[in-house]
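Participant: Each chain, letter by letter, is given below.
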Amino acid sequence: MTRAQVYQRLNQVFREILDDDSIELKDETVADDVDGWDSFEHINLVVGVEEEFGFKIPMGKVVTMKNVGEMVDLILELGK
Amino acid sequence: MTITSFWFLVLISLGAGVYYLLPKAWQWVELLLLSLIFYYYAAESWTILYLAVSTLTVYGAALAICRLRGTQKQRLCLWVLLLAITVNLVVWFVVKGKGLWGFFAAKLYDSTGLAAAQSLLGLELLAALGMGYYTLQLLGYLIDCYWENVEPQKNPLKLFLFAVYFPQLTTGPISRYAQLECLFEKHKLQYRNLAFGAQRILWGFFKKIVLAERVGILVAAIQQNPQSYTGFYSWIALFMYPLQMYADFSGCMDIVLGVSELFDIHLTENFKNPFFSRTSQEFWQRWHITLGAWAKDYVLYPLLKSKRMVRFGKFTKKKFGRKTGKFLVNAAAMFVLWMVMGIWHGGLRYIVGVSLWYWIILMLGELLSPWFVKLTAALHMKTDSFSWHLFQSVRTYLIYAIGASFFSLGISRSLALLKDAWNVLWVEGSANPWIFFDQSILQLGVTYGDLNLILLAVLLLVIVACLREKYTYARIWIEQQSFLFRWMIWIALFLLVLVYGKYGPGYSAAEFIYQGF
Chain Y
1 MTRAQVYQRL NQVFREILDD DSIELKDETV ADDVDGWDSF EHINLVVGVE
51 EEFGFKIPMG KVVTMKNVGE MVDLILELGK
Chain W
1 MTITSFWFLV LISLGAGVYY LLPKAWQWVE LLLLSLIFYY YAAESWTILY
51 LAVSTLTVYG AALAICRLRG TQKQRLCLWV LLLAITVNLV VWFVVKGKGL
101 WGFFAAKLYD STGLAAAQSL LGLELLAALG MGYYTLQLLG YLIDCYWENV
151 EPQKNPLKLF LFAVYFPQLT TGPISRYAQL ECLFEKHKLQ YRNLAFGAQR
201 ILWGFFKKIV LAERVGILVA AIQQNPQSYT GFYSWIALFM YPLQMYADFS
251 GCMDIVLGVS ELFDIHLTEN FKNPFFSRTS QEFWQRWHIT LGAWAKDYVL
301 YPLLKSKRMV RFGKFTKKKF GRKTGKFLVN AAAMFVLWMV MGIWHGGLRY
351 IVGVSLWYWI ILMLGELLSP WFVKLTAALH MKTDSFSWHL FQSVRTYLIY
401 AIGASFFSLG ISRSLALLKD AWNVLWVEGS ANPWIFFDQS ILQLGVTYGD
451 LNLILLAVLL LVIVACLREK YTYARIWIEQ QSFLFRWMIW IALFLLVLVY
501 GKYGPGYSAA EFIYQGF
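Residue numbers (the working numbering), protein chains in the order written: chain Y, 1 to 80; chain W, 1 to 517.
Some hints here could point you the wrong way.
Distance ranges between label pairs, derived from CB positions [stated by the list, open to error]:
no. : chain 1 : residue 1 : chain 2 : residue 2 : range
1   : W       : Met488    : Y       : Asn67     : 41 to 47 angstroms
2   : W       : Leu49     : Y       : Asp20     : 52 to 58 angstroms
3   : W       : Met381    : Y       : Lys56     : 41 to 47 angstroms
4   : W       : Glu366    : Y       : Asp33     : 18 to 24 angstroms
5   : Y       : Lys56     : W       : Leu368    : 32 to 38 angstroms
6   : W       : Ala492    : Y       : Asn67     : 40 to 46 angstroms
7   : W       : Ser482    : Y       : Lys56     : 54 to 60 angstroms
8   : Y       : Asn11     : W       : Phe93     : 44 to 50 angstroms
9   : Y       : Asn67     : W       : Arg486    : 32 to 38 angstroms
10  : W       : Arg311    : Y       : Asp33     : 28 to 34 angstroms
Some chain Y residues close to chain W (C-beta under 10 angstroms, calculated; not the full set) [stated by the list, open to error]:
no. : residue
11  : Glu41
12  : His42
13  : Val46
14  : Val47
15  : Pro58
16  : Met59
17  : Gly60
18  : Lys61
19  : Val63
20  : Asn67
In the BS3-like style, the derived pairs of lysine-lysine whose C-alpha atoms are separated by at most 25 angstroms in a straight line are [unchecked claim]:
no. : chain 1 : residue 1 : chain 2 : residue 2
21  : W       : Lys186    : W       : Lys154
22  : Y       : Lys61     : W       : Lys382
23  : W       : Lys382    : W       : Lys470
24  : W       : Lys73     : Y       : Lys56
25  : Y       : Lys66     : W       : Lys382
26  : W       : Lys154    : W       : Lys107
27  : W       : Lys305    : Y       : Lys56
28  : W       : Lys326    : Y       : Lys61
29  : W       : Lys296    : Y       : Lys61
30  : Y       : Lys80     : Y       : Lys56
31  : W       : Lys272    : W       : Lys318
32  : Y       : Lys26     : Y       : Lys80
33  : Y       : Lys26     : Y       : Lys56
34  : Y       : Lys66     : W       : Lys296
35  : Y       : Lys61     : W       : Lys307
36  : W       : Lys158    : Y       : Lys56
37  : Y       : Lys56     : W       : Lys318
38  : W       : Lys73     : Y       : Lys61
39  : Y       : Lys61     : W       : Lys154
40  : W       : Lys470    : Y       : Lys66
These are computed hints drawn from the structure, not numbers from a lab.
Don't be surprised by glycine CBs; every beta carbon is placed ideally from N, CA and C.
Work out the full structure, taking the sequences as your base and the hints as a guide.
Facilitator: Structure (C-alpha cells):
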C-alpha cells in the first residue's frame, strides 16, 4: 500500500464520518484544521480507520498521534 | 509551610542556588531532598507513607507489566494493571472520599441505626498532601507504561520524585511522566529561567495575596450571613466567587510554575484565559486543563473505544439515526467523564455543582446550538463581532458562577443564594441597588482602598490576559520593552505585593481553594 493509496482511503473515511466532502487531508493536518473533529469524533475516526484498514490501532497511539501524517505512518506500519 | 510563606521563598532560593552548583548528575537528588523538606514542614510527615505505598505499587506493577509483555503470560498484564489501579483508587477513596462515602454511611445509619455505620462516620483519616494530584499522575504513568508510551522507570526513588515533586504537591498541575522525565536530566543555569520564574512567582503572589484575599473577604462575609446580606449582595457573592477562585487557583499555579521554572523544569499550563471562553465547552479546555486532559486520555478515549461503547454507538445510530445516535453516545460518555471529575473532587456538592450542572449545560448546548446558529443567521447577527463575543463570555461566566456557588456552598445554601439573586429581578422590594452607592459594602470588611485595589487588579488581569492571547505570555511582551520600562513594571508589581499584599505577623493567608484535593 502506498502513501497516496492510504490518503485516498483515509479521505473517504473522514468525509463520511464528518459528513464533509470537501475534506482533503495532508501530513500536517491537525484536529483544529478540520471542522467537527473534536474528542468524540476523534474516536469515531479511529474506529472508522480500523474498520477500513482491518486492524486495531493501539490505545497508546490514539492519545499520542499529533497529526494526520503520524496516523498515515501508523497505518503503513500496521499494514505491513 | 505554604507556598506563599517566607520560609518557602527561603527554601527555593537556597535550593535553586545549590541546584546549579551541584554536580549535574545529583540535581534530581536535591529536588527529592527539597520535596521531602517541603513535605515535612507542609504536612503531617507520616502521611508521606501514602505516597510511598502508591509509588511502590505503581513501580512494581509497571515493571511486572514490562516483564510479562511478550511472554506466554502476557494476558496477566491487564490484571496487574487493574490490580494496581484498584489498590490506588481504593486507598484514595477511603482517605479522601469521605464527602461521598460519608453521605451513604449517614443514610445507612439514619435508616438502620447500624453501629458500624456510626463508627465509620466518626473515622477521621488524615490524607497525604496532594493526594488527588499524585494519584492521577502515578496512574497516568502506569497506563502509559501499559500502552507502551513510556519506558518503566527502573529507579524507585526517581519515580518517587515524579510523585512528590514539591512545587506541584499543593494544587497540581497533573503532569504526565513523559513531560516530567526532564526531572532526571542535567540542567544548566540560564538567566531567563531565573528571571521568568521569579516574575511568574511575583505575579502569582499578586493574584493570591493582593486580589484573591481581598475578594475572599467580600465573598465570605456575604456567604456566611445570607440573612443579613440579601438582594444585590447575592449577586456580588455570585459574581465575585469565580474571580476569587480564578485569582486563587491560577495565582497558585503561577507560583508553582514559576518555582519549577527556577529549576529549569517547565510544567504544563493549567489555565489559558478561561474567562475569554465563548462556550462552556471551551471554558473547560482553558480551566484546570490538566485534569480535563487527564480524564480525556485515560477515561474518555478508552471508554469510547471500548467494544461495548462502539456497539452501543452502532445500535443508537441504527435505531435513532446518525445525529441522535451520536448525541446519545456523547451524552453517555460525557456523563461518565463528568462523574469521574466530580468524584475526584470528593463530595456530593462537587458531583452536583461541577459534574451534573456542567453535564446538563454541555448537553443542552449540543442540542440547542444548531437552533442558535439558525436564529443568529435569521436575525443577521454579527457573531464575529466583539459585542457578541462579550455576550458569550459573560454568559459562560454566569454559567460557571452558578456551578461555582454549588462548589463553594453546597446544594441547599447555594440554591438559597440563587433564589435570592433571582428575587432581585422579579420580586418587588427585593432590589437594593443603593448598596453600590452608600457605604453598605464597607460593612463587608473591606475599605474603599481595598475596593479600588480590586478594580486595579482586575484591570491588570484583563491587560495581562489580552497580552497572553497575543504573545503566549505577557512576560514575552514585557521582555521586548526597554530596560527602564520593564524594570518599572516589575518594581511596581513588587511594591504592590509588598505594600498591599495580605501577609505578615497576625495575618495568615487563607489556604488555596484547590489545596484540599
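Participant: Report the numbers of all earlier hints that the structure fails to satisfy, in ascending order.
Facilitator: Numbers 20, 22, 25, 26, 31, 36, in rising order.
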